[in-house]
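Under this note's numbering, think of the first position of the sequence shown as 1, with each following residue one higher.
There could be a bad hint or two in this list.
[Claimed, not checked] Computed list of lysine to aspartate or glutamate pairs in DMTMM-like fashion (alpha-carbon distance at most 20 Å, straight line):
1) 69 with 92
2) 165 with 131
3) 80 with 168
4) 26 with 211
5) 133 with 15
6) 151 with 15
7) 187 with 211
8) 80 with 99
[Claimed, not checked] Beta-carbon label-pair distances, calculated as ranges:
9) 176 with 89: 42 to 50 Å
10) 72 with 251: 41 to 49 Å
11) 8 with 210: 54 to 62 Å
12) 246 with 139: 15 to 23 Å
13) 170 with 10: 24 to 32 Å
14) 158 with 108: 24 to 32 Å
Bear in mind the hints are in silico, worked out from the structure with no lab data behind them. Only a predicted model underlies this, so the values are computations on that prediction, with no experimental measurement involved. Cβ atoms here follow ideal geometry from the backbone N, Cα and C, with glycine treated the same way.
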Amino acid sequence: MPHLSRIPGVLSTGDVLQWLSGNATKSLDILAQYWQFLPQPNNPKSGDYGFSKSDMRRFGADEGRRVYKALENAADRKIKIRIVQHSGFAPDFDQESADLAAGRPNVENATVLFEDWWGSGVVHAKVWISDKKDVYIGSANNDWKSLTQVKELGIYFAGCPHIAKTVEVYFQNLWTLSTLNSTFYTKQAWDTQWQVSRKVPCWSHFLQPKERCRFASPSAVQHSTCPRSWGRKNLAYTTWAVQAQIALHCLHWVHLI
1 MPHLSRIPGV LSTGDVLQWL SGNATKSLDI LAQYWQFLPQ PNNPKSGDYG
51 FSKSDMRRFG ADEGRRVYKA LENAADRKIK IRIVQHSGFA PDFDQESADL
101 AAGRPNVENA TVLFEDWWGS GVVHAKVWIS DKKDVYIGSA NNDWKSLTQV
151 KELGIYFAGC PHIAKTVEVY FQNLWTLSTL NSTFYTKQAW DTQWQVSRKV
201 PCWSHFLQPK ERCRFASPSA VQHSTCPRSW GRKNLAYTTW AVQAQIALHC
251 LHWVHLI
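Just need the whole structure built from these sequences, with the hints factored in.
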């Protein structure tokens, strides 16, 4: 809606995303559902098809180009860029993020399919984190239409490392999830409230504690609420279960006789 007047004091999402890319000096982390910053009026499979170049300019499509160009410039400055995304949608799915990473070792993109972990769902969060201190959280997709044609709302935090650190935990969890094989880390759980069987990660609280692949491990035994969670037993279990290698990190060693 480029013809509408700006509300005083309200920032443009397109400007904010360009600032986050342009001001980044070290890192840029992005959570995205899909990518359509670049209009495709000549692609018969695109919703942009059939519109003229002047139409696209009038619609505000150049705003998407500017944001994508700012991302390319950040990548060319060797900024470390990490992208976690859904697989995207037709016609080009995640092609824009793939092009951004092509030939640039400082750009990594990972696709997380929630249906592999929970049976359904998509990465729906829209988050940009620049230099671990500047953050955008909002509803706008990485789509030129979200910047100019759709009513979206977001919050821009400038110079807020504490907030960035909190949001980064969520990003890092999804990044780690993208590296795991869901076949090995999912189970079926019975949802007693809705009376359905659910596919869940093996650390889900839908599972009984003894069925989970992750649990607290306190010491001494007096602090343990169930026999399995005692620290010494879990150390023994971890050592017994290892198949290839094990890494140990500890404060100090005391030899037991």
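For each hint, the structure was consulted:
1. 69 with 92: Between residue 69 and residue 92 the Cα gap is close to 18 Å, so the pair holds against 20 Å.
2. 165 with 131: Holds: residue 165 and residue 131 sit about 10 Å apart, inside 20 Å.
3. 80 with 168: Holds, because 15 Å separates the two Cα atoms, which is no more than 20 Å.
4. 26 with 211: 41 Å, violated
5. 133 with 15: 17 Å, holds
6. 151 with 15: 15 Å, holds
7. 187 with 211: This hinted pair holds, its Cα atoms lying about 9 Å apart.
8. 80 with 99: 15 Å, holds
9. 176 with 89: 42 to 50 Å: 25 Å, violated
10. 72 with 251: 41 to 49 Å: 46 Å, holds
11. 8 with 210: 54 to 62 Å: 59 Å, holds
12. 246 with 139: 15 to 23 Å: 44 Å, violated
13. 170 with 10: 24 to 32 Å: 26 Å, holds
14. 158 with 108: 24 to 32 Å: Given range 24 to 32 Å: holds, Cβ gap about 25 Å.
When each numbered hint is compared with the structure, violations occur for hints 4, 9 and 12.
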